[in-house]
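Undergrad: Here is how the chains run, residue by residue.
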Amino acid sequence: MDVTTNNFPGKIHETPGGGVVLSKLDDVINWARSNSLWPLTFATSCCGIEMMSVASAKYDFSRFGFEVARATPRQADVIIIAGTIVNKMAPVLRRLYDQMADPKYVIAMGACAISGGPFFYNTYSVVKGADHVVPVDVYIPGCPPRPEALLHALITLQEKIKSGLTREQIKETSYLNP
Amino acid sequence: MSLTNDRIKQRLIEKFGEPVSGFEELYGLLSFEAPKEMNLKILQFLFDDDELKFRFLTDLCAVNYPDDKGRELAVVYHLHNLVDNIRLRFKVFTNVQEPDVFTASKLFSSANWMERETYDFFGVNFIGHPNLKRILNVDEMDYFPLRKEYPLEDQTRIDKDDAMFGRGGTIV
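As they're listed, the protein sequences go chains F and G.
The first sequence begins at 1 in my numbering and counts up one residue at a time.
The second sequence begins at 1 in my numbering and counts up one residue at a time.
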């Protein structure tokens, strides 16, 4: 039987053997990871302006543990793809993603990063969605999305990390499905 | 007295005569064309002449006119005289089978990248260019995307019809 306590962010599984410790540690690690996600400063078009707005005082994503924006992928945990990815940028994005240390997460911000965008879709130069290049964890629709939408996506990513890796685990513990 | 469009036209006709043609003034901007073999002579004259002094290359680009047989591609030079603050537009036309035009990069250093861009999008072959390769698109690209013979990628889209971009399409 699982027990959830008020002052410990995890579950105590009353199973015999080492499973108790492992399960607890996973939850603690996920909790720690989710509350200190360092974003990579990566913005390729106008969504980047909204991302800067979220970083600054009015919206302030440091309230949720995203304050340490890194200019190097080696120190970043999450890449927010804020803008259009063109064919020439795709290898650069892939390289940045590959240089990030595990565990790493990807947020696709705005219509361009999701599908190539409302304006540039039908062209010779644009990647039709950043998920052709890197796996994406959270998608934010909008052109550009409101800063609140990015905050919501960041919190959604935290929920995703806290709830583990599988779809079932996410469904089980998500605040969307209490 | 400062330089006028009429005076520029007069100087060009005095110097080159018949080959310089197609003079027009759209919104006050003098525009003319010449055979493509003469482009460097004319640019050099406009640069060197004590009266004209067109020593700044504002822009260099191409235009595709697919229906104008033998003159499918136009290379357009925008020049600026910074002393008298007057501009002009100079075009040379070439056919699309042999899109060879002499490079202006020896005269204007800024022409280097602009000619690379023009090559990248229209396939104009600038003879004598020191490094004529793609500049904005991926190197693997095997066509010239702004030529109108190449349609937009997604033919199922009806909100952005090819007709709006001068490439055929369903709306007539």
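Just to be clear, a hint being listed does not mean it is correct.
[Claimed, not checked] Derived BS3-like pairs: lysine-lysine, alpha-carbon spacing no greater than 27 angstroms straight-line:
no., chain 1, residue 1, chain 2, residue 2
1, G, Lys69, G, Lys53
2, G, Lys9, G, Lys133
3, G, Lys9, F, Lys88
4, G, Lys69, F, Lys88
5, G, Lys148, F, Lys128
6, G, Lys91, G, Lys41
7, F, Lys58, F, Lys88
8, F, Lys128, G, Lys91
9, G, Lys106, G, Lys91
10, F, Lys88, F, Lys104
11, G, Lys69, G, Lys106
12, F, Lys160, F, Lys58
[To be verified] Residues from chain G that keep clear of chain F, each with C-beta distances beyond 10 angstroms, as calculated:
no., residue
13, Tyr27
14, Asp59
15, Met141
Note that these hints are calculated values from the structure, not bench results.
Glycine residues also receive a C-beta, built at the ideal position from the N, C-alpha and C atoms.
Undergrad: Check the structure against each numbered hint from earlier and tell me which ones fail, lowest number first.
TA: The structure conflicts with hints 1, 2, 3, 4, 7, 8, 11, 15, although it agrees with all the remaining ones.
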